[in-house]
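Number of protein chains: 2
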Amino acid sequence: MSDRLPDSDLTRHRRLREQGSLDRADLDVILDAGFVCHLGVVIEGRPVVVPTVYGRDGRRLYLHGSVASRSLAGGGPVCVTVTHVDGLVLARSVFEHGVDYRSAMIHGVPRKVTDPDEKLAGLRRLTEHATPGQWSYARQPNRKELAATTLLVLSLDEASVKIRTGGPDDGDGPDAELGLWAGTLPLTSTWGTPVPDPALPPGIPVPDHIARREGAGQG
Amino acid sequence: MSDRLPDSDLTRHRRLREQGSLDRADLDVILDAGFVCHLGVVIEGRPVVVPTVYGRDGRRLYLHGSVASRSLAGGGPVCVTVTHVDGLVLARSVFEHGVDYRSAMIHGVPRKVTDPDEKLAGLRRLTEHATPGQWSYARQPNRKELAATTLLVLSLDEASVKIRTGGPDDGDGPDAELGLWAGTLPLTSTWGTPVPDPALPPGIPVPDHIARREGAGQG
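Sequences listed follow chains A and B, in order.
Counted the way the working numbering counts, the first sequence spans residues 1 to 219.
Counted the way the working numbering counts, the second sequence spans residues 1 to 219.
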């Protein structure tokens, strides 16, 4: 399979083509940096966008079904978008203001995972994507829990990426003469100190795979 | 007007009703804590979800048009979703894992703002929402820039809110006997140190309304 993303009609960047990337590695990095996507579906002709958890497995994306499942029973198309906001771009003119961000958009028709083995493997990927090390630490799903979980799988074949980095674009225009400050105000997401469940008895340590994330960036 | 959000078919919470809020103050707080939404539209029967910038003005939301404008020319319905991810909920069992988050979803048919005065006021709101103080600091849009900007306005009448806070729910069940650590791993967004545009001449200070955000939380 190609390392280039498809340049189809739906994924073509109309307005800001220079921000598009056709490199599949960019897609993987953006997806792997997050764990919550916005899943768009069409219900009775109207768009509905819900946040949900995902996990990437090679060129497939596993999605926690939940709210959107009703509309997906019919096998309709979805759009999954993952966005990381990296900062505000503060230019000399309001018109040139913008946002530094990395965003991935995936189109396709997801399949409901029904085979128990595939569902277990998919939930493992979803869990490990958000919290590496947690699948083997926590109690894994039993048959009843597995049946009660809706899991979708979506191909990453039709995907596109948009990235904006760096400062404002009006540093070499007439507005540079205004003498105004311009630059970026970065925004970062960071994992904090683990908060124990109040119901937890004393003496149970935070496992290392969770403790070591404190202070690390996310996104 | 009511301070309660409507309990319509589209905004009713089917799966996790306990997480819903019908308090309009919750909606305002969630919207005001962010500046990037996911805008869902339907294009040729397929959902398309794009990130874009917004600003709240009372019970209206201004949206930067850009990519989605093509489909919106026809006056179709949109869904705007704003989500803040507050942390991972790490339970004893994989099945009880989840995410602490605050999310707002707005349905409606946006109107394209064409009146120059209204557009200027809307862009002011959009700018001030993301960066308070920036509208009067930066150069405001001229007539040509105003014409080149697509701005949409959407009523907040049909909106819903979902919030999940706190730790896992399996502290009082049989899994508590497993002796596993359980709790939350918080995730926070923070504004960083302003980065000057490399094209900026020396001696221009970071304005106070930007400098003072450093270290402050976002979301």
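Check the hints yourself; a few may be wrong.
Which copy? The list can't say, so a pair holds if one copy fits it or any two copies do.
[Stated by the list, open to error] Here are the simulated SDA-like cross-link-like pairs (lysine to any residue), alpha carbons at most 20 angstroms apart as the crow flies:
#, residue 1, residue 2
1, Lys119, Arg56
2, Lys144, Glu214
3, Lys119, Pro174
4, Lys112, Thr131
5, Lys119, His209
6, Lys119, Arg60
7, Lys144, Gln218
8, Lys112, Ala147
If you are wondering where the hints come from, they were derived from the structure by calculation, not from laboratory data.
Query raised in the report: How would you label the pair Lys112, Ala147 (within, between, both, or neither) given a Cα cut-off of 20 angstroms?
Result: within (12 angstroms within a copy, 46 angstroms between copies)
Report task. Give the relationship of Lys119 and His209 under a CA distance limit of 20 angstroms: within one copy only, between copies only, both, or neither. Result -> So Lys119 and His209 fail the 20 angstroms test inside a copy (24 angstroms) and across (50 angstroms) alike.
Requested in this report: Measure nothing new, just compare the shortest in-copy and cross-copy C-alpha distances for Lys119 and Arg60 to 20 angstroms and report within, between, both or neither.
Outcome: within (13 angstroms within a copy, 42 angstroms between copies)
Requested in this report: Check Lys119 against Arg56 for me: Cα-Cα at most 20 angstroms, and say if that holds within a copy, between copies, both or neither.
Outcome: within (14 angstroms within a copy, 41 angstroms between copies)
Query raised in the report: From the Cα coordinates, with 20 angstroms as the cut-off, is the pair Lys119 and Pro174 best called within, between, both, or neither?
Result: For Lys119 and Pro174, neither the intra-copy (58 angstroms) nor the inter-copy (24 angstroms) Cα distance is at most 20 angstroms.
Query raised in the report: From the Cα coordinates, with 20 angstroms as the cut-off, is the pair Lys144 and Glu214 best called within, between, both, or neither?
Result: neither (34 angstroms within a copy, 48 angstroms between copies)
Query raised in the report: For the identical chains here, do Lys144 and Gln218 meet the 20 angstroms Cα criterion within one copy, between copies, both, or neither?
Result: neither (33 angstroms within a copy, 39 angstroms between copies)
Query raised in the report: Given a CA cutoff of 20 angstroms, do Lys112 and Thr131 count as a within-copy pair, a between-copy pair, both, or neither?
Result: neither (23 angstroms within a copy, 42 angstroms between copies)
Hint compliance for this structure: hints 2, 3, 4, 5 and 7 are broken, all remaining hints hold.
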